[in-house]
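There are 2 protein chains.
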Amino acid sequence: MVDITRLSSSDMHFEQALDNLLMFEATQDATIDQAVLQILAAVRERGDQALIEYTRRFDKLEVASIEQIELSRDRLQSALQSLDASERSALELAATRIRSYHEKQVSESWHYVEADGTLLGQKITALDRVGMYVPGGKAAYPSSVLMNAIPAKVAGVQELVMVTPTPAGELNQLVLAAAAICDVDRVFTIGGAQAIGALAFGTGTVPKVDKIVGPGNAYVAAAKRHVFGLVGIDMLAGPSEILVICDGRTDPEWIAMDLFSQAEHDEQAQSILLCPESAFLDAVMESINRLITTMPRQHVIRASLENRGALIKVRDLEEACTIANRIAPEHLELSVAQPEQWVKRIRHAGAIFLGRYTCEALGDYCAGPNHVLPTSGTARFSSPLGVYDFQKRTSLIQASPAGAAELGRVAAILAKGEGLAAHALSAEYRCTK
Amino acid sequence: MVDITRLSSSDMHFEQALDNLLMFEATQDATIDQAVLQILAAVRERGDQALIEYTRRFDKLEVASIEQIELSRDRLQSALQSLDASERSALELAATRIRSYHEKQVSESWHYVEADGTLLGQKITALDRVGMYVPGGKAAYPSSVLMNAIPAKVAGVQELVMVTPTPAGELNQLVLAAAAICDVDRVFTIGGAQAIGALAFGTGTVPKVDKIVGPGNAYVAAAKRHVFGLVGIDMLAGPSEILVICDGRTDPEWIAMDLFSQAEHDEQAQSILLCPESAFLDAVMESINRLITTMPRQHVIRASLENRGALIKVRDLEEACTIANRIAPEHLELSVAQPEQWVKRIRHAGAIFLGRYTCEALGDYCAGPNHVLPTSGTARFSSPLGVYDFQKRTSLIQASPAGAAELGRVAAILAKGEGLAAHALSAEYRCTK
Chain R
1 MVDITRLSSS DMHFEQALDN LLMFEATQDA TIDQAVLQIL AAVRERGDQA
51 LIEYTRRFDK LEVASIEQIE LSRDRLQSAL QSLDASERSA LELAATRIRS
101 YHEKQVSESW HYVEADGTLL GQKITALDRV GMYVPGGKAA YPSSVLMNAI
151 PAKVAGVQEL VMVTPTPAGE LNQLVLAAAA ICDVDRVFTI GGAQAIGALA
201 FGTGTVPKVD KIVGPGNAYV AAAKRHVFGL VGIDMLAGPS EILVICDGRT
251 DPEWIAMDLF SQAEHDEQAQ SILLCPESAF LDAVMESINR LITTMPRQHV
301 IRASLENRGA LIKVRDLEEA CTIANRIAPE HLELSVAQPE QWVKRIRHAG
351 AIFLGRYTCE ALGDYCAGPN HVLPTSGTAR FSSPLGVYDF QKRTSLIQAS
401 PAGAAELGRV AAILAKGEGL AAHALSAEYR CTK
Chain G
1 MVDITRLSSS DMHFEQALDN LLMFEATQDA TIDQAVLQIL AAVRERGDQA
51 LIEYTRRFDK LEVASIEQIE LSRDRLQSAL QSLDASERSA LELAATRIRS
101 YHEKQVSESW HYVEADGTLL GQKITALDRV GMYVPGGKAA YPSSVLMNAI
151 PAKVAGVQEL VMVTPTPAGE LNQLVLAAAA ICDVDRVFTI GGAQAIGALA
201 FGTGTVPKVD KIVGPGNAYV AAAKRHVFGL VGIDMLAGPS EILVICDGRT
251 DPEWIAMDLF SQAEHDEQAQ SILLCPESAF LDAVMESINR LITTMPRQHV
301 IRASLENRGA LIKVRDLEEA CTIANRIAPE HLELSVAQPE QWVKRIRHAG
351 AIFLGRYTCE ALGDYCAGPN HVLPTSGTAR FSSPLGVYDF QKRTSLIQAS
401 PAGAAELGRV AAILAKGEGL AAHALSAEYR CTK
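So the sequences go chain by chain: R and G. Be aware that the first sequence starts at 1, since it is given in the UniProt record's numbering, and climbs by one per residue. Be aware that the second sequence starts at 1, since it is given in the UniProt record's numbering, and climbs by one per residue.
It should be emphasised that the hints constitute simulated quantities derived from the structure, not laboratory data. Built from N, CA and C at the ideal position, the CB exists for glycine as well. Some hints could be false.
[Claimed, not checked] Which stretches of chain R does chain G cover? Using the computed rule of at least three CB atoms under 8 Å from a CB of chain G, they are: (1) 125-133; (2) 345-351; (3) 357-370; (4) 397-404; (5) 418-424.
Bound-form chain R, shown alone (with noise of 0.2 Å):
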């Protein structure tokens, strides 16, 4: 039996319950900031040769030579050849959707011009050089490829260079076959906090980029939060979530299955299922204990629900979405019948599956929309990874002469008023008309 929490929403101290439930606090490890320091300060004064000695301790990889930890274009291809068709048409197909689903996202340069002739605008341009991480070994996710590089390439980034670890030299055809694909311009089997370094300061072989994207262990996470401002990087992840809301016509197994697939993920991932049916949060109940014994990563899931899982009773649905943004989930499944009724009362999730056939799978994979998504409740603030993250703005002002003689005398009151009489003079110099 699964020892999952039960709540209701009308339990005496049901909001504290629901606190403690999704209390999570990341833990910065002062050891591993120390040892995160140490590898960036090596990497930013010895560049290739500390990426070298690093590879070689942390990755057990010999690296006679620096060339040795670029994988060539060639060498993707052919982990792509290398694919069986099956597995290799699915990709492509994610590929084409993720790729539809983001050109809708670019954004365009837009200016306008006022009746004295004064442009006001701004222009859009794509980031020149993006750094992305791929975790190595276990964690190796095709998909993560998919969905970093994808948003990169339709932003218009001029050079993609993705780092892997290849621990002991153990290269995944999978993920090397999805750089392929997203036509990553250049590759590095190296890892960890000095990959982190390499991307954010520059060696003589990798080459600096502006912004760091891409999940990683807690190393590689304290090196991004100490480059940040040196370049730009991507928020940092938590714990994945889903919350699921039914309004009990769903097959119980279904939602069982969709509670697990978030639970597989790691011990920390956190499941929770709001329903207004008593009788049918026992049926989940029960396809939970059923099917549980069925999971090759069974023990992953009973220890990620009895950890942070939770079946709760609620009044209504419409209670279910006030919970919903208090909780602001990172994935979120309105399993219920005509979901866009509800899908307007919900303002914080990172993504929202709407109706019984919609699980998070497929977006995970291939729907088309993003798999990084904000999650701990930072879908409050913060929204999936896009194009929009590869893109930058630059306001344009072109003031016409007459603009400039209007607008430098408002300009000079105010700057009167702040104290700063450099900048009114240099508004009324243009004050001629």
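Following the hints, complete the assembly by docking chain G onto the known chain R.
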């Protein structure tokens, strides 16, 4: 005589000299960091009581009861009434122009429906509640209130909470008037790390917000860095900079004053001029020496120009644009004939001011675009503050039964490739059509 650096792009070690000039290490002071962590912990644990204690200690402000730290909206209105007519209309005109410009930045939700009925899209919502820090005392800038508050309000933020320290109870009428014009919802007279803590955690009196924006001193910046993740923050600003590219045909006094207008901010501010004409650089130097003695903030201007300023002779305007892209300046003036021709070559800048009539000061106050811009080369990967910083996106996926069947088969193949059996089954359950 102002001892400003003179360089030429044909100097033997020009690249190195430019790097040295641009180098700015934001020192993260460990003492400040420790103090800030202590303050944040106290505010988290003891809420209003800690706020009262720190306000008494740091702002020399006796707060008998916690209600006293809030200013009423009537108080803001009376500040607005108290302004003289020219100041009031200058502030109002600036607000109107800033609002018009930012209204162009509003993103709208979108979706599309595929042939099989599957719907994909992105829903855009405003942040619920935003905190805005406004420095007190001398650095209290009403323009900063306009530039931070207006995009939040245009985005549709429901509640905008301003915090501003009032050392010894001193209120800045212009700042309060600007808050009235922008319809700021609540104002608290608190500052420093304790104000950031109050906004991030919430106290009995100060509501918890979703994002904190606005400039502040080293304590405020350190506090923002620490609460990042729990709430969103805007960028952490470095010293302000201007890069002027001039063809040598603008009045040298205008250019000198533009350099001053940046330099007068503080001693770390950076003003650089690029020009292909030596004689013009000499003329600007002469203007600098002549005009500096007339400036109220001449000591700051001198220190800034001597520490971090430079007049640089370039081969031609083409090379000037290349150097500008390398610097990725916060502010870039193209004080040249036909600036449209050159703006195309600029890839990295916070804001571009085109033509001889467009001095930076117009953009600081009232042209319309935001004056909160990426500094220290971060324009390579980040953007001016805008409405987009107060909106967030949620992905929408609604698979039709036929779509779920097709997508489910693809997702299952990819999930199996990643060793995630529950993902695969969850998708396959939906392959019923």
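Consistency of the hints with the structure:
By the rule of at least three residues with a Cβ nearer than 8 Å to a Cβ of chain G, the coverage given for the region 125-133 of chain R holds, with 3 such residues. A count of 6 residues in the region 345-351 of chain R with a Cβ less than 8 Å from any Cβ of chain G is obtained; the coverage claim is therefore met, three being the minimum. Check on the region 357-370 of chain R: 14 of its residues sit with their Cβ under 8 Å from a Cβ of chain G, so the three-residue criterion for coverage holds. Only residues whose C-beta sits within less than 8 Å of a C-beta in chain G count toward coverage, and the region 397-404 of chain R has 7 of them, enough to reach three; the restraint holds.
With 7 residues carrying a beta carbon less than 8 Å from a beta carbon of chain G, the region 418-424 of chain R meets the three-residue requirement, and the given coverage holds.
The structure agrees with every numbered hint stated previously.
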